[in-house]
Amino acid sequence: MTETLPKAQRAWVLRRTGKPRDVLQLEEDYQIPVPKNSQILIKVHAVALNPGGWKAFSVPPLSFVHKTPAVPEFDFSGVIAGGTLDGTGYVMGQEVFGISPFEGPNGVMKVGQGALAQYTVAEPATFVAKPSNITHVEAAAFPIAGLTAFVSLVNHGGLKLGDGKRIFVNGGSGGIGSWAVQIAKAYGAYVVTTCSPESQSFVNSLGADGTIDYRSVQPSLSAHLASAYSTSKFDLFFDTVGTDVSALYAASPSYLKPDGIYLDIAGAAHIMDSVYSALTTILGMINRTLRPTFLGGTPRKYLPITFWATSMTNELKESAELLASGKIKAPIDHIYAFEDALQGYDRQMSGRSKGKLIISVSLP
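Residue numbering for the sequence shown follows UniProt numbering, beginning at 1 and increasing consecutively.
The hints are simulated quantities; they were obtained by calculation from the structure and are not laboratory data.
Positions of the beta carbon are idealized from the N, C-alpha and C atoms, including for glycine.
Watch out, some of these pointers could steer you wrong.
Label pairs and their calculated CB-CB ranges [unchecked claim]:
| id | residue 1 | residue 2 | range |
| --- | --- | --- | --- |
| 1 | D340 | L283 | 32 to 42 Å |
| 2 | P69 | G296 | 48 to 58 Å |
| 3 | G326 | T306 | 23 to 33 Å |
Taking lysine-lysine and the DSBU-like style, the derived pairs with C-alpha atoms no more than 35 Å apart in a straight line are [claimed, not checked]:
| id | residue 1 | residue 2 |
| --- | --- | --- |
| 4 | K110 | K36 |
| 5 | K36 | K55 |
| 6 | K19 | K7 |
| 7 | K43 | K19 |
| 8 | K257 | K327 |
| 9 | K110 | K67 |
| 10 | K7 | K185 |
| 11 | K327 | K185 |
| 12 | K233 | K160 |
| 13 | K19 | K36 |
| 14 | K110 | K317 |
| 15 | K7 | K55 |
| 16 | K301 | K55 |
| 17 | K67 | K43 |
| 18 | K317 | K185 |
| 19 | K257 | K329 |
| 20 | K185 | K36 |
| 21 | K317 | K67 |
| 22 | K160 | K329 |
| 23 | K110 | K55 |
| 24 | K43 | K110 |
| 25 | K317 | K327 |
| 26 | K43 | K7 |
| 27 | K301 | K317 |
| 28 | K19 | K110 |
| 29 | K301 | K329 |
| 30 | K327 | K160 |
| 31 | K67 | K19 |
| 32 | K110 | K329 |
| 33 | K327 | K43 |
| 34 | K36 | K7 |
| 35 | K329 | K55 |
| 36 | K19 | K160 |
| 37 | K233 | K327 |
| 38 | K43 | K185 |
| 39 | K233 | K329 |
| 40 | K36 | K329 |
The task is simple: from the sequences and hints, build the whole structure.
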């Protein structure tokens, strides 16, 4: 079943790879995707930008294999507009939020169909019903960044409700870090994070118990942590920044408990920066993961986190409950009109955003 659709849609499209301002064009008559197999057609209301979105079509070597033409991005909130709904539990016109395509930037590279358009398609396993008390803009801010934080802390870090873990979030004002602070607090953890002085009030509003001005502890955050937290060590160190990982991890016994875990999400982002960065990052991950202590390895668990959604229904449902309850709230830096998406990419690439950048999709 499908609602009556226009003949074409407005969509941001790249027909060659390169920087967003060089290659993205707003096309007025782009084809509307046709749902295949279990796919559901979504009328998009809002889209969140992610670093992986623009890096996939801008930075070699990933850009070399990127399909064109393509619609970028993958975080959406919208309403169901078509597809076979039998057995899904969904109905036409229902508000949902999630990820399209299910492999994130890898999926866009393969199939060319992302979310930065008036319509997209998504698998039922990668979206859930949107809580009625949050907006499409707020819902779109969650999927990739929020799920990355959730999966890292809960699935990999073992965070449990009320267990009182002590968690350090390196980079609490970014897209992933701002969700991580809130999720950890919603689970009852004690949270300390780094940020700039300009971001301190924002990070405090997320509920952080303590903040560290990362500039004031340069050149060695690890030395500061060793000095300040040697007698009150952390259970988890969640690194969303990726600066000086080797030194931070090597010093982790001084600030992480013996069974503590160093969770590294930043490495996945650095793999997308350049060929050289990909090689050095992967080699570093392998060394930190596999090097035994008798050969000089660090006696703390290191987990590099690479997250692309394939089926995250349970995690999305639990996150939707947290959003509906108000225990976590969308940390939004700026909302752009659909026509101004390139301004959003400029802001994303500057690295100065606090929270998420959202594109509001205007509909006919």
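Run the distance test for K43 versus K7: straight-line Cα separation, threshold 35 Å. holds (14 Å)
Is K43 within 35 Å of K185, Cα to Cα? holds (33 Å)
Does the hinted range 32 to 42 Å hold for D340 and L283 at CB? holds (40 Å)
Quick one, are K19 and K160 close enough, alpha carbons at most 35 Å? violated (41 Å)
With the threshold set at 35 Å, check whether the alpha-carbon distance from K67 to K43 stays at or below it. holds (23 Å)
Can the restraint linking K36 and K329 be considered satisfied, given a maximum Cα separation of 35 Å? Holds, at roughly 34 Å.
Holds or violated: K36 and K7, Cα atoms, limit 35 Å. Holds. K36 to K7 sits at ~18 Å (cutoff 35 Å).
Distance restraint between K257 and K329, which requires alpha-carbon spacing of 35 Å or less: holds (30 Å)
Hinted pair K327 and K43, Cα distance within 35 Å: With Cα atoms ~28 Å apart, K327 and K43 stay inside 35 Å; holds.
Would you mind confirming whether the straight-line C-alpha gap from K317 to K67 stays at or under 35 Å? holds (32 Å)
Within 35 Å, alpha carbon to alpha carbon, are K110 and K67? holds (6 Å)
Going straight from one Cα to the other, do K43 and K110 come out at no more than 35 Å? With a Cα-Cα distance of about 22 Å, the restraint between K43 and K110 holds, given a limit of 35 Å.
In this structure, the hints that do not hold are numbers 10, 20 and 36, in rising order.
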